[in-house]
Amino acid sequence: MFDTALTLNDLLFLAQGAGMTLAVTAVSVTVGTILGILFGVLRFQFGPIWFAPLTFLLDIFRSVPLLIQLVLGNALQSILKLGWGPFTTSCAVLSLYTAAYCTEIVRGSMESVPVTTRRAARSLGMTWGQDMREIVAPLSLRIALPSWIGLTLGVMKDSALVLWLGLIELLRASQILVTRLQEPLFILMICGAIYFLLSFPIARLGGHLEKRWSPHD
Amino acid sequence: MKIKAITIGLMAAAALAVPAKADKLDDIIGSGTLRCAVVLDFPPMGSRDAQNNPVGFDVDYCNDLAKALGVTAEIVETPFPERIPALMSGRVDVGVASTSDTLERAKTVGMTIPYFAFEMAVTANTNSGVTSFETMKGKTVGATAGTYEAIALEEQVKAWGEGTFRPYQTQADVFLALSQGQLDATVSTSTVAQANVKTGSYPNIAVVGKAPFDTDYVALFTNREEYGLINYLNLFINQQVRTGRYAELYETWVGGEAPNLTVPGVYR
Amino acid sequence: MFGYTFRWNQALQALPQMLDGALVTLQVAILSMVIGLALAIMLTLFRRSDSRILRGFAVAWVEVARNTPALFQIYMAHFGLGNFGIHLSPFAALLAGIAFNNAGYLAENFRGALKAIPETQARAGRSLGMGSLQAFRLIVLPQMLRIAFLPMTNQMVWAILMTSLGVTVGMNTDLAGITQELNARSFRTFEFFAIAAVIYYLIAKAVTLGARLVARRLFRY
Numbered sequence: 224m225f226d227t228a229l230t231l232n233d234l235l236f237l238a239q240g241a242g243m244t245l246a247v248t249a250v251s252v253t254v255g256t257i258l259g260i261l262f263g264v265l266r267f268q269f270g271p272i273w274f275a276p277l278t279f280l281l282d283i284f285r286s287v288p289l290l291i292q293l294v295l296g297n298a299l300q301s302i303l304k305l306g307w308g309p310f311t312t313s314c315a316v317l318s319l320y321t322a323a324y325c326t327e328i329v330r331g332s333m334e335s336v337p338v339t340t341r342r343a344a345r346s347l348g349m350t351w352g353q354d355m356r357e358i359v360a361p362l363s364l365r366i367a368l369p370s371w372i373g374l375t376l377g378v379m380k381d382s383a384l385v386l387w388l389g390l391i392e393l394l395r396a397s398q399i400l401v402t403r404l405q406e407p408l409f410i411l412m413i414c415g416a417i418y419f420l421l422s423f424p425i426a427r428l429g430g431h432l433e434k435r436w437s438p439h440d
Numbered sequence: 056m057k058i059k060a061i062t063i064g065l066m067a068a069a070a071l072a073v074p075a076k077a078d079k080l081d082d083i084i085g086s087g088t089l090r091c092a093v094v095l096d097f098p099p100m101g102s103r104d105a106q107n108n109p110v111g112f113d114v115d116y117c118n119d120l121a122k123a124l125g126v127t128a129e130i131v132e133t134p135f136p137e138r139i140p141a142l143m144s145g146r147v148d149v150g151v152a153s154t155s156d157t158l159e160r161a162k163t164v165g166m167t168i169p170y171f172a173f174e175m176a177v178t179a180n181t182n183s184g185v186t187s188f189e190t191m192k193g194k195t196v197g198a199t200a201g202t203y204e205a206i207a208l209e210e211q212v213k214a215w216g217e218g219t220f221r222p223y224q225t226q227a228d229v230f231l232a233l234s235q236g237q238l239d240a241t242v243s244t245s246t247v248a249q250a251n252v253k254t255g256s257y258p259n260i261a262v263v264g265k266a267p268f269d270t271d272y273v274a275l276f277t278n279r280e281e282y283g284l285i286n287y288l289n290l291f292i293n294q295q296v297r298t299g300r301y302a303e304l305y306e307t308w309v310g311g312e313a314p315n316l317t318v319p320g321v322y323r
Numbered sequence: 004m005f006g007y008t009f010r011w012n013q014a015l016q017a018l019p020q021m022l023d024g025a026l027v028t029l030q031v032a033i034l035s036m037v038i039g040l041a042l043a044i045m046l047t048l049f050r051r052s053d054s055r056i057l058r059g060f061a062v063a064w065v066e067v068a069r070n071t072p073a074l075f076q077i078y079m080a081h082f083g084l085g086n087f088g089i090h091l092s093p094f095a096a097l098l099a100g101i102a103f104n105n106a107g108y109l110a111e112n113f114r115g116a117l118k119a120i121p122e123t124q125a126r127a128g129r130s131l132g133m134g135s136l137q138a139f140r141l142i143v144l145p146q147m148l149r150i151a152f153l154p155m156t157n158q159m160v161w162a163i164l165m166t167s168l169g170v171t172v173g174m175n176t177d178l179a180g181i182t183q184e185l186n187a188r189s190f191r192t193f194e195f196f197a198i199a200a201v202i203y204y205l206i207a208k209a210v211t212l213g214a215r216l217v218a219r220r221l222f223r224y
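Those sequence lines, one after another, are chains A, B and C.
For what it's worth, my numbering labels the leading residue of the first sequence as 224, then goes sequentially.
For what it's worth, my numbering labels the leading residue of the second sequence as 56, then goes sequentially.
For what it's worth, my numbering labels the leading residue of the third sequence as 4, then goes sequentially.
Honestly, the hints are just simulated from the structure, not real lab data.
Hints are supplied without guarantee of correctness; some may be wrong.
[To be verified] Distance condition first, Cα-Cα at most 27 Å in a straight line; then the derived DSSO-like pairs of lysine-lysine: (1) B/LYS213 to B/LYS265; (2) B/LYS192 to B/LYS265; (3) B/LYS194 to B/LYS265; (4) B/LYS265 to B/LYS253; (5) C/LYS208 to A/LYS434; (6) B/LYS192 to B/LYS213; (7) B/LYS162 to B/LYS79; (8) B/LYS213 to A/LYS304; (9) B/LYS265 to A/LYS304.
[Stated by the list, open to error] Quick list of the computed label-pair ranges, beta carbon to beta carbon: (10) C/ARG51 to B/PRO258: 41 to 47 Å; (11) A/ILE257 to C/ARG129: 31 to 37 Å; (12) A/SER346 to C/GLY132: 57 to 63 Å; (13) B/ALA105 to C/LEU136: 55 to 61 Å; (14) C/LEU141 to A/LYS434: 26 to 32 Å; (15) B/TYR282 to C/ILE89: 50 to 56 Å.
Glycine included, every Cβ here is placed at the ideal spot set by N, Cα and C.
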C-alpha cells in the first residue's frame, strides 16, 4: 500500500487544494460573519415580525442542500451575465449560507443576555451603543463563540462541494490524483487525514472554550 | 409610390435603429485571449499530464483556434455539468468540450458542425463475464451522466427490462467503478475506452466490442445568437480537415484513421 | 433581457418525476436516521463501557464523522470500500455514508444530553435490582432522547440535505439525481434546480413542523 506512485509534486498539488479549501472558507466565513452579526442585531432590535421577510430568506439557505444552492447560484450569475469565476460564485453562495447560520447564533446569544442586566446598564445612563459594546457583546460572545467555531468548521467541510463548480479544492485535487494514479484508497485516506488535521484541533479548542465558559459547570 | 416611400423610410429607420454592435468574434479578437471550456477528465480529449497541466486533443484544438484568430488561448477546466453555465456567464467564449450536438441542447446553445466523431465501445471488467454488447443484458452498467452514450444506454437497459444503470458525474469515476467491479461494463466513446485501457492503471478492464449506437458527433458550441462566431468556427473546422491538421491531431492523440465528419445523404 | 429565456413549461413537465425522486430522498433520510440513531445509542454505550478498545472505537468514529466532509464520507463508502472488493450500490453507499455521519453527530449530542441526567438516577435503578443495560434502557435512554430531541430534528434536516450528495456516487433515483439528469440532457440548469430547491425546502419544513407536533404530544411537561 505504501508502494505508491505519489510524488512530491503531487503532494504539493494536494497542498494547493487544501490552500484553496482554506481560502474559500476564510473569505466565506469572514463575509458571512459580518452579515450574520448585522442581521442578528437587526433581527434582535426590530423583533421577529418586522424581520420576517429576511428570516424567511435566510431560512431557505438552511433548508436547501448546499449543492443545489451552489448550482443555482452559478446558474443565476450566468443568467445575469456577471461573469463571476467559480471562486467568486462559491464564496458568494457560501457567505450567504454562513450568514444564515451565523444570524441564528448571534440572535440566540443576544437573547441569552438577561434583559434585567441590560436595563440595569441603561438605567446607569449607558447609551444603546455602550450597552451593546460593554454589556451585550462580551456576555453573548461567550455563548456564541463555541457555536461559531462549529459553524466555521462546518463551512470548511461543506466547502468540499465547490468542486462541483470546477474549483480545485482538496477533495477535487485528490480525485484528479486518483484518476491519474489509480490508488483511490491511499489518496482518499491522505485527503481525509488533511481534513481531519485542519478541523480536529480547532474543534477541540471549541469544545474546551465551551466547557470553560459554560456557566453551569 | 407611397409604399416605396414608406419602405425606404422604414429601411432608413431600421439602419439607424440598429447601431453597429461588436459581436463576440470582435470581442475575442479585441481582448487578445480566447477562453475555451475544456473537460479535463476525458482522455485523450482532455486530461492532465504528470505536472497536472492540461493536455489533449481538445486542448490542442483550442490552441489551433486561438492561433487562427491571432490571440492566445486560455484553457478553463469545466466539469461536464458546468460547461453551459460557464458559457452563459461569459467565463468562456467557446466550448471545446466533446459536446454531443443533441437537438435538446441546441435549444439552449449554438452548435457548430461536428469537429469530431466518436464510435461507442463496450468496456468490461474482465471478471464480469461481459464479452459483447448483448451480454451486458441483466448486468450493472454505467456511463458518464448526461452524455450521449449514457442516455442511449439507459434506454437500452429499460428496453432489456433487467439489469441496472448507474450514471457517474465524471468519466474517471466510471472507470474507477468499473475497475473495482462496482460496474460490470460501460459504454463510452471508443477513444476514451482505448486511452483508459492503454494507461494500464486500471487493472482487469478490457474493451470487448462495439456498441450498436449511432455515431456520436460532437460540436464546438457558443452562445446561440452569435452567428458571426459560429460561422467562423464552422469554417475553422472545415479548414482543420482540409489542411490535414485534424488527421494529424487524431494521429497524435488517438491513432489510426480519423473518423469521417460528414453524414452521407444530407446537408448540415 | 438577460439573453436567457426561462422555460418553466418544459421544467414543470418533469415535476411528477421529480416528486418521485423526493420520495426516494425522504426514504434515504428516514432510513439513515433510524440506522444512525441505533448506531449512536451503541456508540454512547461503548463510550460508557469499561473497555478501552470500545471507548477508543467510539471516540474515533465520532471524531472522524464530525471532522471530515460528508461528501468525503459518501465518496469513501463507495470508492474507498470498493477498493477492498466491498461493493455498495449507490443507494447503499449513500445510506451508509449518511448513517455514519448521523451516528457521529447524534452520539455527540447524546453525550451532551447525558450530562443533564444525574448519575445517581442510574445508580438508584441499579440498587432496585436492574442490570446496567436495563437501567440505561429504562431510565437514562428515554430522558436522553427527550433532551436531545431538538438536535435530533436538526440532524434529520441535515440528513435530508445530505442525500443530495448521492449524485457523486452514481445515485440517479433521488431528487438531486433526477434533477441533475434532467439538467444534463437539456442544459436548463436554473429551472430544474429552482424547482428542486423548492421541493427540498418544503420537505425540510414539513419535517421540522412534524417534529414540533410530535414533541408537543410526547413531551408535555
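So, going through the hints one by one against the coordinates:
1. Distance restraint check for B/LYS213 and B/LYS265: the Cα-Cα separation of roughly 20 Å lies within the 27 Å cut-off, and the hinted pair is therefore satisfied.
2. For a cut-off of 27 Å, the pair hint linking B/LYS192 to B/LYS265 stands: about 15 Å separates their Cα positions.
3. With a C-alpha separation of about 17 Å, the suggested pairing of B/LYS194 with B/LYS265 holds against the 27 Å cut-off.
4. Straight-line distance between C-alpha atoms of B/LYS265 and B/LYS253 comes to about 17 Å, which keeps the hinted pair within the 27 Å bound.
5. Restraint check for C/LYS208 and A/LYS434: the C-alpha separation of about 32 Å exceeds 27 Å, so the hint is violated.
6. Using a Cα cut-off of 27 Å, the hinted pair B/LYS192 and B/LYS213 holds, with the two alpha carbons roughly 10 Å apart.
7. Among the hinted pairs, B/LYS162 with B/LYS79 is consistent with the structure: their alpha-carbon atoms are about 20 Å apart, no more than 27 Å.
8. For the proposed pair B/LYS213 and A/LYS304, the alpha carbon gap of about 40 Å is over 27 Å, so the pair is violated.
9. Distance check on the hinted pair: B/LYS265 and A/LYS304 sit about 42 Å apart at the alpha-carbon level, beyond 27 Å; violated.
10. A C-beta distance of roughly 45 Å is found between C/ARG51 and B/PRO258, which places it inside the suggested range of 41 to 47 Å.
11. Separation of A/ILE257 from C/ARG129 is about 53 Å and departs from the stated range, judged on CB atoms against 31 to 37 Å.
12. Between A/SER346 and C/GLY132 the beta carbons are some 58 Å apart, a value that agrees with the proposed interval 57 to 63 Å.
13. In this structure, B/ALA105 and C/LEU136 meet the distance hint of 55 to 61 Å, their C-beta atoms being roughly 57 Å apart.
14. Between C/LEU141 and A/LYS434 the beta carbon distance is about 30 Å. The supplied range of 26 to 32 Å therefore holds.
15. For B/TYR282 and C/ILE89, the hinted distance range of 50 to 56 Å is satisfied, since their beta carbons lie about 54 Å from each other.
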